[in-house]
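Visitor: Sequence:
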Amino acid sequence: MENNKLLISLSLCTWLALNTVANETQNLGDVIVNDTALEAQIKSITSSKLENLQASDIQDILSSMPGVSVSGSARYSQKVYLRGLEDKASNITIDGASIGGEIFHHMGSQTIDAETLKVGSIEVGPNSALSGPGVINGSFSYETKDPSDYLEEGEIFGGKISTGYQSAYGRKSIDLALFSKINDKVEVVGIINKSEDTRIEIPDSKDVTSKQSDFTSALLKVVFKANDYNTFKLSYNKYEDGGKRQFGAEKVGGDLADVSDHYNEISRNTFTLSHIYSPASDMINLETKIYHSSEELLMAGQTNKAAYLLWQKNVVQNSTEPETRYGNETSGIDIRNTSIINTHKVSYGLSYDKEEQIVEADGLAVYTSGVNTGNTVDLSVKGGISKEYAIYLEDEIDLDSLVLTIGARYDIYKLGGIYSGEHKQLSPKLKAKYQASENLSLRLGYGRIFKGPLLSETYLLKSTSTQNDNAQAQRGHNYEAGFDYDLSNALNTKNSIFGFTLYSYNVDGYMDPSHNAALNNQEDIKMWGVESVFRYETQNVSSSISHTYNAGEAKSLSTGAVYEPMTANIHTIKIDTDYNYSKNLSFNYNAEFVRGNKFDYYYSDAYDYEVKRSGYAVHNVSTTYSPASIKGIKVSFGIDNLFNTKYSTHTSFGTNSGYASSASNETGRNYKIKLSYKF
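Numbering (our numbering) for the sequence shown: 1 to 679.
No wet-lab data here; the hints were simulated from the structure.
With beta-carbon atoms standing in for the labels, derived distance ranges: (1) Tyr579 x Ala306: 50 to 60 Å; (2) Asp282 x Leu440: 23 to 33 Å; (3) Phe232 x Tyr581: 35 to 45 Å; (4) Asn314 x Ala518: 15 to 25 Å; (5) Ser604 x Ala490: 52 to 62 Å; (6) His515 x Ser420: 15 to 25 Å.
Each residue gets a CB set at the ideal place from its N, CA and C atoms; glycine is no exception.
Make the full structure from the sequences, and use the hints.
Guide: The structure is reproduced here in structure tokens:
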């Protein structure tokens, strides 16, 4: 109760100190927050903002967004948390294609490259029927660039080439985009981005060289405008990050010379086809998306070395192991129409999503020493299959001072392959926004939670994996209340906004896919917290300050023990300010402040203790200059972690369990420079 009073008073004090909020769509240095029509929880970041920040990984993409925490210094280690849960509890899509489940528990899941992005968006909470299947804490939606994002009026062909360097990673990068308007109906864009990381600099520590990276991403997109009513988009998106490096990406790094791990690579290949049919009718705005995506972890083979894929605890033995691929393949279709009927905006549709796991080894593994000498093992496994069928409807009703959004999803979730079972639920959704006065609007939200049993992490699948017959879907309720207050006139600014949200949700039978081949429901969890955001915009300055706090309680379904989740009791303040000195010169300052805290950690009855985490403050600055005398040239320079602070995020490996010696620290001071030329 004391924590609840504290978190509420902190956010309200921020409001009183800053005197702000509004109910209009805000453009804040290309970080966009839609505060009208019940969209106050939708947050996005655009390609121009990402380019100015020299964003190069998922941490750069999401770090400025309120309520989001990203841990991990290496690209392949970064894990994302939202409202107290990892993004395993979210729906993640790129161009409408669903990103598959967990492949390996020491690697991140969001294989997204900023160079190919047009916009990245987050919708917090499960209160919309349109957010997709399995949403508990929110949804992440990424859209890649179109040819029109590059083409200028009257331009038929062009290109853009960029090269950059980041000191703390030894990161050298180069990317090339070519784009063309072939005729009035067809446009095409191709992007390739390559970079190489040789080290990670940690303050007051030896450089980490065991997390090297050779990175490639690519995008090819064709846009066909058949006529005024029909537009088709066909795209291919590639992501590939590999190296001879330590396999446990989120663990503490060391010297490459000490790494016995062999080459490993995480990759994604995504194909999407979308069609928009939008005739001159309020009744029809039909969008269809079809996709196929494959994510893969490649492990190179080894000859007569310490058993790796065949590793057994406390057993000393050598083995020869073949090259092995661990894959998650997803495919699906979503058909959605939106109709405007008087004061109603009605969206309705149906979707189908399938995920399939597979492990493929190029031959048999052989024990070469130890108690199993001479025995062979086939590492290939056909894993689990999940299929989700859904129909959904949402009606946004404009009643003047009240905007009411009522929706529902009916989901059917089926397991196949080595797993079995069927789960279904009708999930009502509700959002309401009431304009109480000229400046004050009040918000309420509710969402029924439903997520089927998650397929286990693919890396730990074995031919002997068996399912718990009592595996259940994850179910719960989300409640929200908040307000927005507009003080634009009072502060004599273009836009000044303060928003406050109080939320609480529960998940019965919460399931983490890590080390969970049996699909065991592990916990009943309750999470609650606050989010407050102040935004201020004038002609040349756009700034935001946000505060988030999350707390919670979990109950073990196996022991009955009650404890706090590792994300509990974390206060985070973020500042993000853009200053446009002129149309050719701009500056950015952003910072994150996290207060020290403690929580009750629980793994088992033998590992139940209090964890203390140190607070930290990190400051970043950057500037972008486009000389008027040379068209197409842009120079960006920045310094991340300006004061070279040694810290680890409170959700990072080691820190989240109280083992300071195994805590993975974030990158130190990082000088970044990038030169680009558009021709």
